[in-house]
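On the provided structure of chain A, position chain B as indicated by the hints.
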Amino acid sequence: MTARPHLYALGAIVVLGLLAAFGVRDAVVLDLVFTLLLYAVLGQSWNWISGYAGNISFGHAIFFGCGAYASALCVTHGLTPWLAIPAGALAAAALALVTGFPTLGLRGHYFSIATIAVAALVETFARTTPWLGKANGFELPIASGWAALQFPQKGPYVVLALALFAAVQLATIALERSRLGYYLRALRANHAAAASVGIDERRCKLIAFAWSATMASAAGVLYAQYTLFIDPPSTLALAISIDIALIGVVGGIGTLWGPAAGALVYVVLAKAVALRFGGAGKGYDLVIYGAIICLIAALRPYGIVGTIVDAIRRRRGSIAVGPGAAAETPA
Amino acid sequence: MDTFAQLLVGGLLTGLVFALVAVGLTLVYGVMDVVNFAHGEFLMLSMYAALGLALIGIGPLLGLPLVAIALFLFGIVVYRVFIRRLLAGPSEATVFGTFGLLVLLQGAAQATLTSDFQSVPNPPLQGTIHLGPIALSQATLVEGIGALVLTASLFAFVEYTETGRAMRALAEDRVAATLMGIDVQRVNGLAFGIGAACVGAAGSLLMLSYPVYPTAGAPFALTAFVVVALGGFGSIQGALVGALLVGLLEVFGGFYLAPELKMVPVYVAYLAVVLLRPQGLLGRR
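Chains as they are written, first to last, in this note's numbering: chain A, 1 to 331; chain B, 1 to 285.
Here chain A stands alone, though its shape is the one from the complex (with noise of 0.2 Å):
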């Protein structure tokens, strides 16, 4: 299928973006649409390890942290938060590589066993280490401009989520097109056929994974540079990881819109939960959560944008059984 149609909604999106950047004064409207774009990029980069490559990662806020914490490393330290797209992108790189050799060429619970591990200890090396903060964090100086990535209004917060989420949308649109994403749909199709006409399983899943692993970085640097303040619990915890997962999940693994769609009623869930039951931290956020990731898990493998996918197939009169259509491996 031609990229058109996506480049066009991605283009709508952006201009929607900027007039909300420029235009809304009103700092909750920002904050949200900030906080979805946010959401919207750690979507898509779990579902690139998660959907595309098929390895379910319960440990994604790690990545997430690592560009956080990068971001308060070079600002506590003088430098400039740019450096920490960077460095965060090379922290997180190396900790999928950590995760993903051993695993990445096994069955898939292999790797999802490995991601738990892996942010536990995460999280524990953070809560234990004193250049790291311990469990008290950072509290980032406050500065003002482009180089030191900090404004008094929320708008170029706005322009940057965007431009990132822009940034991500694409790569993905270039994924689904390129070499390596055919070779994934391969793997997941039947991965010993995949195998025996010499797909690297390994190689192939491991960049995606460390692609994957960049993008949720840039997203922590841009989240500890907009809330100025990040401990374990609000980066590192698996609380962090549910909600990214459970925005994978109810998009729809595997699909381009996919965590645009689970941002979005993820945002509005959280929203709805803090208003009913006074914020996270009772465990009915989490009773919510779970019940729709095992209720999704169930009934629609594929999340909202694969029924819809579906639906649009089956009308059409194409052969349809959800964009995972090549997913299904014969047991």
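Because the hints were derived from the structure by calculation, they are not lab data. Using N, Cα and C, we set each Cβ at its ideal position, and we do this for glycine too. Check each hint, because a few of them may be wrong.
[What the hints assert, rightly or not] What the simulated footprint calls covered on chain A by chain B, stretch by stretch (three residues with Cβ under 8 Å from a Cβ of chain B suffice, anywhere in the stretch; the number is not a length):
# : region
1 : 52-65
2 : 157-169
3 : 245-253
4 : 283-292
Just chain B now, kept in the frame of chain A:
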């Protein structure tokens, strides 16, 4: 030397409890190819169940069969209502579906039972036994021996009963087993129920010496994943060997490194085994 012996025995006893948690996981994996990421939350539920019974006067040891039966029925219901549907979908769905169950159960426990640590009031077996230079709490000893007996019974069940044979047949070759007239849904449901009953028993034993809270099961589950990977997914003997190794790694790691780093050698062992011998120490490819 005395410290070493003390740690050795402590590690082995801890490992036996890990084994009982892990055999449930490995049985379910062997039979239906599902890694139940909510396994630890089943453990947490059974710990709360044992606590509830203790509060009405039925202690953890007396309550053990009741909790195991309750978890068996719970496991069968979860299989019938949920897991069966996951098996019809893509393989990713069984991974994130059982993870959804983990999130749901943790949240439900937090919402209804609060995040407080709760222990059995006036638990039995508070004394210490001295074996030469080694001092052991009675509770730890009973936990370890109880877990060993139950793990051995499960092994005997799988090895020597008709249902156990059906489970092994499914693990070996699903299609052939179906052609031989094995009712896959029934055996799957039973296996899932028995896997849950194992953590039911383990949860009751653990209430002798551990407090329960909504995330109490998570560390045990993570340990059980490592145990099962070390021993080989689907292998019960492997789970026992893996569990003893992990018990030793954790106890020695906690002593020689620092208590908060006790899991580091365990996870490093996981990555190393998966890298060098992905089928596990006793597993088949």
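Inset, instruction - Could you tell me which of the numbered hints above are not met by this structure, giving the numbers in increasing order? - result: Number 2 only.
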